[in-house]
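Please model the complete structure; the sequences and the hints are all you need to start from.
2 protein chains.
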Amino acid sequence: MLKLPKKVTVKEVGPRDGLQNEKERVATEDKIAWIDSLSETGVSYIEVSSFVHPKWIPQLADAAEVLKTIKRRKGVTYAALVPNIRGLDRALEVDVDEVSIFMSASEGHNRSNINKSIEETYPILGEVVKEAKQAGKRVRGYVSTVIACPYDGPVSPSKVRTVADQLFSMGIDELSLGETIGVAVPTQVEQLLDELLLHFDSEKLAMHFHDTRGTALANIVKSLEMGITIFDSSLGGLGGCPYAKGASGNVATDDLVYMLHELGIETGIDFQSLMKSGQLIETALGKQLKSRQMDILRAEGRGEYLE
Amino acid sequence: MLKLPKKVTVKEVGPRDGLQNEKERVATEDKIAWIDSLSETGVSYIEVSSFVHPKWIPQLADAAEVLKTIKRRKGVTYAALVPNIRGLDRALEVDVDEVSIFMSASEGHNRSNINKSIEETYPILGEVVKEAKQAGKRVRGYVSTVIACPYDGPVSPSKVRTVADQLFSMGIDELSLGETIGVAVPTQVEQLLDELLLHFDSEKLAMHFHDTRGTALANIVKSLEMGITIFDSSLGGLGGCPYAKGASGNVATDDLVYMLHELGIETGIDFQSLMKSGQLIETALGKQLKSRQMDILRAEGRGEYLE
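These protein sequence lines map, in sequence, to chains A and B.
Its first residue numbered 1, the first sequence is counted upward by one per residue in full-length UniProt numbering.
Its first residue numbered 1, the second sequence is counted upward by one per residue in full-length UniProt numbering.
Hints may contain errors.
When chains are identical, the list treats them as one kind, so a pair holds in a single copy or across two.
Said to hold, decoys possible - Calculated pairs, DSSO-like style, for lysine-lysine (alpha carbon to alpha carbon, straight line, at most 30 Å):
no.	residue 1	residue 2
1	Lys245	Lys55
2	Lys116	Lys130
3	Lys6	Lys204
4	Lys287	Lys276
5	Lys204	Lys116
6	Lys23	Lys245
7	Lys204	Lys7
8	Lys71	Lys23
9	Lys245	Lys287
10	Lys23	Lys287
Derived by calculation from the structure, the hints in this document are not laboratory data.
Structural data, given as structure tokens:
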């Protein structure tokens with residue numbers, strides 16, 4: 001019989017990873033209303049925005065305003081991405097609950113995304129982790145391109161392990177493994193986790209899948225079987241794929257939660273509230289979200305999600 | 001380590017299961033051109049049409065014409081659905097290679113689809129199997145609603161086993177297990193196959209998943225792990241879901257073949273030829289197909305699939 005965990009933490013990254021990849025701009029008040037509605041779904045973690053310089057991600061230039069204005073619900077962690085000390089300072093000013101730092105397991109993607117080599121990136125992130133911990137914040141690390149890189153091709157599990165070692169040595173609390181381009185299949189996930197679980201506790205690892213080729217849920221089932229209990233996702237699959245415009249990006253929170261519940265796994269999330277929240281951001285964005293559950297909702301014209 | 005078969009047979013059901021669920025009519029010559037292009041992809045089995053009365057499925061009223069005109073490539077099985085003796089006779093007249101009979105594991109769906117109870121259906125199908133075998137044809141059985149029924153709700157593995165027993169006693173060569181409404185998750189697939197594999201050889205069972213909720217590939221990985229080596233799919237996810245218009249139906253052949261190849265499993269299918277064939281039916285249909293691979297193809301505007 002399939003051995004699966006009883007409980008899973010779903011981390012909603014749509015307000016950051018989703019919106020940063022949508023060319024349509026969403027008004028600050030719409031973001032705030034959406035994040036407030038997400039807080040009502042039972043989700044326990046929301047990555048709210050990014051303190052990357054607005055020059056790079058203009059969609060998230062209102063990070064401080066959003067973090068200042070959202071209603072913070074007890075039991076929900078409101079996190080933000082920070083690229084460096086300057087970003088951290090801006091995040092701390094608005095009292096973010098947790099910060100995320102990021103880099104890639106492959107040189108090509110790290111250079112393209114951060115404009116630095118992997119070696120050059122470590123000291124910058126080390127400084128951020130140190131200061132964030134001094135400020136009493138939890139720190140999450142992201143490592144991108146854990147299976148393959150759009151520039152360098154396949155990435156070996158040992159490369160991912162090297163980066164993971166460095167980030168955990170800095171003092172991060174959790175590492176999210178990003179399958180950035182959505183090419184992975186379960187055998188590759190198994191090889192990666194076989195390597196990482198020799199060295200790191202499963203409860204410190206999260207999986208961050210993109211569903212570009214429809215394999216995300218299969219990869220998540222494999223991860224569950226290997227003991228992973230934290231998954232990142234984006235409501236409605238918001239954001240799409242930066243490497244193939246029009247294709248799917250982050251695995252959709254609604255598709256993931258449907259599957260987890262049917263597998264008998266608790267998430268603490270109310271599915272109907274989640275779909276209502278999906279309709280809210282779909283309306284704000286003015287275009288159809290690509291998740292299967294949003295498709296079904298539109299197809300059936302079901303009224304039960306609507307207030 | 002994941003134990004997976006080395007080879008898998010992908011059965012293309014798009015010309016039948018796909019087209020019968022599209023409201024857009026495809027011209028007979030376009031169907032023929034599409035089936036001929038499918039024959040060039042390396043696929044070894046194509047369900048070409050259905051000899052159900054045209055009153056019920058007008059989209060496939062040209063079944064005889066299609067079967068008479070397509071180029072039959074050596075090594076490819078050209079099959080058709082037959083509901084009864086009259087349909088069988090029409091299929092034999094055009095020398096179909098194999099016939100498929102069908103019924104449901106649930107009373108509600110069987111009644112809705114065939115207008116008979118399950119008990120009333122057996123003798124009709126028994127007669128078809130007997131005559132088809134006398135004519136020297138292989139017979140495939142379909143059992144629908146193997147996990148859940150849109151009318152009756154959950155369907156137990158023992159109900160499916162009862163129908164499977166009856167169909168195998170009639171002399172069918174293979175049984176395709178249809179997850180008609182696309183709600184299943186891997187634990188349910190495991191429970192179903194745990195029951196069926198006690199009684200039937202894995203090489204006589206095929207899985208027929210719908211991807212309505214994005215779980216088809218996860219269910220296929222679980223089926224592969226349990227020894228199943230035959231999967232039905234529809235190129236580009238053609239057909240959609242008859243129970244939620246606009247939602248996804250059959251798992252897409254292109255998404256399935258991508259995953260199988262990445263898992264290191266042989267299919268004999270050339271992926272580039274498959275995508276070209278997808279573009280051909282997309283053009284004939286005049287609307288975008290919903291598979292992830294067709295999305296990527298459009299997104300990247302990749303020229304390599306185009307002649």
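Each hint, compared with the structure:
{"no.": "1", "hint": "Lys245 <-> Lys55", "result": "within (21 Å within a copy, 42 Å between copies)"}
{"no.": "2", "hint": "Lys116 <-> Lys130", "result": "within (20 Å within a copy, 71 Å between copies)"}
{"no.": "3", "hint": "Lys6 <-> Lys204", "result": "within (17 Å within a copy, 34 Å between copies)"}
{"no.": "4", "hint": "Lys287 <-> Lys276", "result": "both (15 Å within a copy, 29 Å between copies)"}
{"no.": "5", "hint": "Lys204 <-> Lys116", "result": "within (26 Å within a copy, 55 Å between copies)"}
{"no.": "6", "hint": "Lys23 <-> Lys245", "result": "both (10 Å within a copy, 28 Å between copies)"}
{"no.": "7", "hint": "Lys204 <-> Lys7", "result": "within (15 Å within a copy, 37 Å between copies)"}
{"no.": "8", "hint": "Lys71 <-> Lys23", "result": "within (26 Å within a copy, 47 Å between copies)"}
{"no.": "9", "hint": "Lys245 <-> Lys287", "result": "both (14 Å within a copy, 19 Å between copies)"}
{"no.": "10", "hint": "Lys23 <-> Lys287", "result": "both (11 Å within a copy, 24 Å between copies)"}
Checked against the numbered hints above, the structure violates none of them.
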